[in-house]
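Undergrad: Protein sequences appear in the order of chains G and E.
Just add 1080 to wherever you are in the first sequence, counting from 1, and you've got my numbering.
Just add 75 to wherever you are in the second sequence, counting from 1, and you've got my numbering.
Hints are computed from structural coordinates only; laboratory data are not their basis.
The beta-carbon is built from N, C-alpha and C at its ideal position, and this holds for glycine as well.
One or more hints might be untrue.
[Claimed, not checked] Chain G regions said to be covered by chain E (calculated; three or more residues, Cβ under 8 Å):
1) 1218-1228
2) 1270-1277
[Said to hold, decoys possible] A short, non-exhaustive set of chain E residues, derived as facing chain G with CB atoms under 8 Å:
3) 91
4) 117
5) 143
6) 153
7) 180
8) 184
9) 187
One letter stands for each residue in the lines below.
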Amino acid sequence: MSANVPAFLLHAFDVDELDRDEGIVVALDRDGTIVWHNSTWKRFALENGGLDVPSRFGLGARYLDGISGPLRAFYASVFESVIATQEPFEQDYECSSPDEFRLHHLRILPIDDHGLLIEHSTRALHPHGEGEAVSSDEAYRDDQGMLLQCSNCRRVHRVGDGWHWIRDWVKVPPPSTSHGLCAACAGHYFATTRRARRVARTKKATP
Amino acid sequence: MRSSAALSQDPSLPRRLALVEDDLRTQRTMSLLLEDEGWIVECFTDAALALAAIRAGDFQALVTDHVLPGMQGLDLVRVLRQERPGLYCVVVSGYDAPSDARAQGVPWLLKPVDFDSLLRVLDAG
């Protein structure tokens, strides 16, 4: 999976884990060109747009070309702002079907000065009119009985199956929950912290 | 024997730090960032292994997660404060510090750790 992955992405992120993520993850360079995407992106494109979609919106395509209308200008300004400020952009959005209520979460993370990591993950998914099913914690416990929650985005790691956002566990996680970082948050934390320290050292060295 | 404070203030001397973190991704991230700052970092996923290594080695600082499989980070700090008063210990956790840790003045930072704050705490040691 590491072949053809841009060095700036490999340097900060666990790309193999991002590839396994059940959410959509796409990396753009500074110009908004798609330089990497995970398997879910390709699968989603095939399911929603037909066979030519992966080539039209695959590597080398401009991400904003897939967005039309006023949203295109909005996201263009968001991309510029995230790179300029190095502050992530986040929003929830609903994308329900006639049968299912679906709430997704969009995060746009800066990758130092190199580009952006865009992540779409699921916040809620259940039939209309029904509440969320109560989650059992068994599938989330490792062989030592521990759960791992990302200390930044608060998603919880399901063993062998990526990161899930469970509303009830955001404020009060189950017993024996340890805190770490998911692949996206770890990469973002590493890239932004290293960048900030580099800037601080340069300032210190400059009389 | 020089104090850990004196060691940390002399940039010509290597500073060894034990990092106890059961999440390997977080461990790697923190380790690389601390190494950028000149620390020699030895990583552990387990407090008991860290305790054995610190007893046998020469460390100036400990940064430990609190919730760990087996021995908890705060318990590790309590043991080392008795055995190694010169070792500077910091707990990092996704949970607020319990009242006894606050009463004992254990340096406690919330995850995700503000790295500048961690460096300030280590420098203060």
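Undergrad: So, for every hint listed, does it hold in this structure?
TA: Status of the hints after comparison with the structure:
Counting residues of the segment 1218-1228 of chain G whose C-beta lies closer than 8 Å to any C-beta of chain E gives 4; at least three are required, and the coverage claim holds. Against chain E, the segment 1270-1277 of chain G contributes 5 residues with a C-beta closer than 8 Å to a partner C-beta. That satisfies the three-residue criterion, and the hint holds. The closest approach between the C-beta of residue 91(E) and any C-beta of chain G is roughly 20 Å, which is over the 8 Å cut-off, so the hint fails. At a threshold of 8 Å, the smallest CB-CB gap from residue 117(E) to chain G is about 19 Å, leaving the interface hint violated.
Evaluation of the residue 143(E) hint against chain G yields a held restraint, the C-beta minimum of about 7 Å falling below 8 Å. Checking residue 153(E) against chain G: minimum C-beta separation of about 19 Å lies over 8 Å; hint violated. Checking residue 180(E) against chain G by beta carbon gives a least distance of about 23 Å; that is not within 8 Å, so the hint is violated. Using the Cβ-Cβ criterion of 8 Å, the hint placing residue 184(E) at the interface with chain G is not satisfied: the shortest such distance is roughly 11 Å.
Annotation: interface hint on residue 187(E) holds; nearest CB of chain G at approximately 5 Å, less than 8 Å.
In this structure, the earlier hints numbered 3, 4, 6, 7, 8 are contradicted, and the remaining ones agree with it.
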